[in-house]
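2 protein chains.
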Amino acid sequence: MKNIQQLTPGQIRHLIRKGRWDQPTAGIAMGYAQANLVILPQQYAFDFLLFCQRNPKPCPLLEVLEPGEFETRFLSSDADIRTDIPRYHLYRKGQLQKTVKEIKSLWKPDFVSFLLGCSFSFEEALLRANIPVRHIEENKNVPMFISSIACKSAGAFHGPLVVTMRPIPSNKVTQAVQITSRYASVHGAPIHIGDPLTIGIKDLRKPDFGDPVTMKKGEVPVFWACGVTPQAVVMKTRPDLCITHVPGHMFISDLLNEELAVL
Amino acid sequence: MKNIQQLTPGQIRHLIRKGRWDQPTAGIAMGYAQANLVILPQQYAFDFLLFCQRNPKPCPLLEVLEPGEFETRFLSSDADIRTDIPRYHLYRKGQLQKTVKEIKSLWKPDFVSFLLGCSFSFEEALLRANIPVRHIEENKNVPMFISSIACKSAGAFHGPLVVTMRPIPSNKVTQAVQITSRYASVHGAPIHIGDPLTIGIKDLRKPDFGDPVTMKKGEVPVFWACGVTPQAVVMKTRPDLCITHVPGHMFISDLLNEELAVL
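Quick mapping for you: the protein sequence lines, in order, are chains A and B. Quick note: the first sequence uses my numbering, first residue 1, plus one each step. Quick note: the second sequence uses my numbering, first residue 1, plus one each step.
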């Protein structure tokens, strides 16, 4: 097998479809947008779509498929959502039931698939501007925290905003805001800068998900809305059925990150 | 009655609610965002919400209410969508049935209300930067054209993109793009600059809606997605029932235009 880092998004999706790649997707298909996946039965689809509309920072919609559709149109013209993601989580009534490598046999004609932006896109932009991304430097998962900020509810869907934290040198905070502002469809600008307590976070060394990272002298904790929020909210709402990607095992699109950027 | 130009959005909505103002809302409550209204029965709501998600330039969602809700939360904390718009159009199966000043007696618990951004917001920003807005100068309606660009369909909803045209001096086109890019939630950046034929428009002197405006030497026609698109699409789709504002008779929100701007 050719080094996966040299493959195109289409070639990587082909490997995934054949069951030959079931690893996390960070660091591959660099430059291309990756997406979170949430699949819900149609009875929940309006409320969840409304939830995303009301909470665009944690739930930036890149593409929503028609009920029953499993082929993307916008993010790729030859992708099958049932097979092209390395690993899927299957939840029933909010409980994780199993992890699978494809969902063809589970597919129902009333499934609605939501693909949401992922911060991998803006992290590349930060790195290009020499702004450090600590969890990448330290080869860790990004630290995630359940904040005290409530999402706007929609129908039965409700829950707290989950945020990621990146320590930014104080003289680069403004630039980090500017750069990530260009990527509204992948979480966009920070939701909070500075004192973690303001948004209900007591200890930066104890993230709720992911790993703690080193804070250096002169660095400011900067918080962005996190793509774990929709999954957390879906789980709290306990729909009969929900299928998601396994965190870190994303859908790889044919869309360049720069195509998502504005200004 | 105090001069309407001196009243706050809440005071104007109160007049409208009492039936004491049924005129167009251009030029009043300056600085505050105004919104287009589309009300559909719940059976159409998912598809229309999906249509808006797929076509954010013509259909920039400012707020969507829960089924049956008639009070806004985001755009105002004391508005009633059934009474606070100067005039409403009632369509059945895509045919205009009547024009009314309130819809309280027509209200059904399955109605879903969509409020969409309006270009009044970015026109204020253009004027502040000394970029001429010809139809305002000439006291006309903005010229609107049915373009050859198809919207992305969603369920039964489909149709062509309707655009507005503003002649911009060629040395100010870049700045007009920059300024309107800041207002993504009110149609945002132009969808086309220059030759009208490229987007299927044969004669700028013959708009499909609104009035023709003067094109001066050295000016370039610049086209923006138009809020008439969702109404045209809804009418083409012929739902059993649809209620909209009467064009130009908008919902006046408590949100400042600048609160909608990014960067």
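It is possible that part of the hints are untrue.
Pairs count within a copy or across copies, as identical chains cannot be separated in the list.
[As the list claims (entries may be wrong)] Using 30 Å as the maximum straight-line C-alpha spacing, the simulated DSS-like pairs for lysine-lysine come out as follows:
{"hint": "1", "residue 1": "Lys57", "residue 2": "Lys202"}
{"hint": "2", "residue 1": "Lys57", "residue 2": "Lys152"}
{"hint": "3", "residue 1": "Lys104", "residue 2": "Lys152"}
{"hint": "4", "residue 1": "Lys108", "residue 2": "Lys172"}
{"hint": "5", "residue 1": "Lys172", "residue 2": "Lys93"}
{"hint": "6", "residue 1": "Lys202", "residue 2": "Lys236"}
{"hint": "7", "residue 1": "Lys104", "residue 2": "Lys217"}
{"hint": "8", "residue 1": "Lys57", "residue 2": "Lys93"}
Derived by calculation from the structure, the hints in this document are not laboratory data. Note that the structure is a prediction, hence the values are computed from the model and not measured.
Here is how each hint holds up against the structure:
1. In this assembly of identical chains, the alpha carbons of lysine 57 and lysine 202 lie at most 30 Å apart only when taken from the same copy (23 Å versus 41 Å across copies).
2. Taking identical chains as interchangeable, the C-alpha atoms of lysine 57 and lysine 152 lie at most 30 Å apart whether they share a chain (11 Å) or sit on different chains (23 Å).
3. Taking the closest pair of Cα atoms, lysine 104 and lysine 152 come within 30 Å of each other only across two copies (27 Å); inside a single copy the shortest separation is 33 Å, beyond that limit.
4. For a Cα distance limit of 30 Å, the shortest separation of lysine 108 from lysine 172 qualifies neither inside one copy, at 48 Å, nor across copies, at 53 Å.
5. In the homo-oligomer, the alpha carbons of lysine 172 and lysine 93 never lie at most 30 Å apart, since the shortest distance is 44 Å inside one protomer and 56 Å across protomers.
6. When the C-alpha separation of lysine 202 and lysine 236 is checked against a cutoff of 30 Å, the pair qualifies only within one copy, where the shortest distance is 23 Å, while the shortest distance between copies is 54 Å.
7. For the identical chains of this complex, lysine 104 and lysine 217 are neighbours neither inside a copy (50 Å) nor across copies (61 Å), given an alpha-carbon limit of 30 Å.
8. Taking the closest pair of Cα atoms, lysine 57 and lysine 93 come within 30 Å of each other only inside a single copy of the chain (26 Å); across copies the shortest separation is 37 Å, beyond that limit.
Hints 4, 5, 7 from the earlier list are contradicted by this structure; the remaining hints agree with it.
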